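Note that the protein sequences, when read in sequence, are chains A and B.
At position 241 of the first sequence (counting the first as 1) the number is 241 in the numbering used here, and the numbers step up by one without a gap.
At position 197 of the second sequence (counting the first as 1) the number is 197 in the numbering used here, and the numbers step up by one without a gap.
Rather than coming from a laboratory, the hints here were simulated on the basis of the structure.
The structure displayed is predicted, hence computed values, not measured ones.
Where is the CB? At the ideal position from N, CA and C, for every residue including glycine.
Each hint should be verified, as a subset may be incorrect.
[Claimed, not checked] Stretch by stretch, here's where chain A covers chain B in the computed footprint (C-beta under 8 Å, at least three residues):
(1) 16-24
(2) 175-189
[As the list claims (entries may be wrong)] Chain A regions said to be covered by chain B (calculated; three or more residues, Cβ under 8 Å):
(3) 113-120
(4) 443-450
Given next are the chains, with one letter for each unit.
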Amino acid sequence: MSRESMEYDVVIIGGGPSGLSTAIKLKQLDPNLNVCLLEKASEIGAHILSGNVFETRALDELLPNWRELNSPIKTKVTKEKFLFLGKTKSLSWPTWLLPTVQQNHKNYIISLANLCRWLAEQAEALGVEIFPGFPASEILYNEDGSVKGVATQDMGIDKEGNKKDSFEPGIELLGKVTVFAEGCRGHLGKQLIEKFELNKGKDPQQYGIGFKEIWEIEDKNHEEGLVMHTAGWPLDNNTYGGSFMYHAENKQVFLGYVIGLDYKNPHLSPYDEFQRFKTHPAIKKIIEGGKRISYGARALIEGGLQSLPRMFMPGALLVGCDAGTLNMPKIKGSHTAMKSGMIAAETVNEHFKENKDLSVYEDKFKNSWLHKELYEARNVKPSFSWGLILGIIFTGIDQILFRGKLPFTLKHKHADHETLKPADQSPKIDYPKYDNIITFDKTSSVYLTGTNHVDNQPVHLKLKDPNLPINYTLKKFDEPAQRYCPAGVYEVQKENDINKFVINSQNCIHCKTCDIKEPSQNITWITPEGGGGPKYGNM
Amino acid sequence: MKILVAVKRVIDYNVQIRVKEDGSGIATDNVKMSTNPPDDNAIEEAVKIKEAGKATEIVAITVGEEKAQETVRKALAVGADRGIHVKVDGILEPLAVSKILQKVVDKEKPDLVFMGKQAIDDDCNQTGQMLSALLNWPQATFASKIEVKDNKLEVTREIDEGLETIEINVPAIVTCDLRLNEPRYASLPNIMKAKKKPIEEIAASDLGVDVAPRLEQLKVEEPPKRKAGIKVANVAELVQKLKNEAKVI
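Next comes chain A alone, as it looks inside the complex:
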């Protein structure tokens, strides 16, 4: 059965900051361009998760009058703290001793989901056609191998792959240029990077998993505008990670934890590290008496410039964290994602008007402040492969004394799926029981995400070898999917003394961690039926 097709000048995949900025900039440059944007979530913002302390630099360029447009950017950062945590003690690090990239006094505490909802309104007002609930599931190619567009997922397929009564075939969306803006580990971006060898000569990409909870806390503990970060406990010296706590409006705090997915101990559970972190006296005293109102998790990119793939290919561009433009020492990716989208839009416009090749994207990128920022940031993350203490000392020298201008570039040596040590050579970790006041189990956490996938649809987490989890991964690594998944999707269940690997795909919150960390790369994340996944409100 042939699918219907629709033609556009530009098709954008993903309604995050990079995709929406691409769309807005395109329509600003030429209002006559036909631009459409696909989003897999049921509405814009529903799959977005971020800290977020927002630097307005890119937005100042994109929509200079954003202050007059009722934007959801309201809470200015008023105070900063950085704490090193020991098991019970904490040491406050003077903020004047922080590298300038980690100073936030000009920035705002925002919800990125709400910023995206607002950006989508701006884009729609400019005539961009936005289609939430339509995941792009397949890349379409021309005969010459260039990207022709994408196809959306068929709707109404049952578990066995049969068409239900409600079956609705996917649509082909054809663009003169297709812009991929799926965010970290986009499942189409991943295919493009492989097909066009976009990562040739680059270091392996590095990832982290980020957790976020929103708490409504007691008045006396709330300090609107306060930004606090911590390093140290509960992670050991060899595991990269840290926390954030941002005091937003309405007595809310955005509390989160990021752990590098290059961790080595398969017994480590990122989720439980986050839960345990909240029991530290310095944290507990702030949230105690409050109420957790949201939970979510998402993988993020940490590789920086060394791991950034080439972002152009015939017929298509990669923007934002579908490529990996996050600035790790700044702990910010929104303004960089937006800027990459804006440069992509300029490129596309010149491609149409002046017949310039899409490779102009690279030159434009290299001449932008985005490249300068990422260049100066490049050595921070790899230095932490020497451990927290050496990493901090090196970062101090690199960022404070040399401002990122050291004459060498450190390399990322391993992909994250290669770093796990065998389970029997790694210490087991005893995580404390959840108290249901400060710490919670995964089930009640996932409940807060509003996650749902229409039942009776094919499992969207594909195993290349269905026997590998039990026959190999369980024996060697104690099947770490049980622990790295922040939503309890993967379980090993014993049935009549036989181990069975269970995938509760309806719980999936689309974080992509399994696709990244599975030691044999045996799990592939593909798009489920449109609208499925979490329904984040103010993340």
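We have chain A already, so just place chain B on it with the hints.
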């Protein structure tokens, strides 16, 4: 035959409802909203009847704030021909909605009015019944099957004892159960086409309906938290606990 279908915008059924801290209501800021699920069944049934050649026009109507129009737009994307949005801000009770629908029925003169059996936000289950009384039309509530027969409807109803099949004269009100059908997806081309279909906007005041609430809401609070359970070692302990602690046997 012309069918008027009423749709309501409610908090999406997957979202965990959160009560505002001051007990004044439910938090709705940036919460995902959707069409009330049984209203989707009502639209689907109307579209099916039209596809079977038994109806000529489907008009989707919603009553509510600016953004409620999204639900009409969605109805247009799955097969309604045109829309009506009666704009009202603030709390709306079923009686006010029924009176507004009555005025619109007077003007539009549909043969059938479909809607969901109840809305998942306030669970009132009143609007269809009240409209039936106001119009003095027959009603079939909790419909799980509808057959159109000349100037009559044969409707199967989901009732406590099982299924009840009744026959009613047209014009009539039917409130729809989730079992009635499986709503279709809005396809991308149809969403595009729906953007061009007309939606008439009417101010509630122009209809001369007093929408002021008749009820005063005192407080909204969460149900008490369930206490954690315990594990017992054996049946004897279970019986002992049921007897002495729970005092239920």
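Each hint, compared with the structure:
With 3 residues having a Cβ less than 8 Å from any Cβ of chain A, the region 16-24 of chain B passes the three-residue criterion, so the hint holds. For the region 175-189 of chain B, the stated coverage by chain A holds: 7 residues have a C-beta nearer than 8 Å to a C-beta of that chain, and at least 3 were required. Taking a C-beta to C-beta cut-off of 8 Å, the region 113-120 of chain A contributes 3 residues in contact with chain B, enough for the three needed, and the coverage statement holds. Counting residues of the region 443-450 of chain A whose CB lies closer than 8 Å to any CB of chain B gives 3, which reaches the minimum of 3, so the coverage claim holds.
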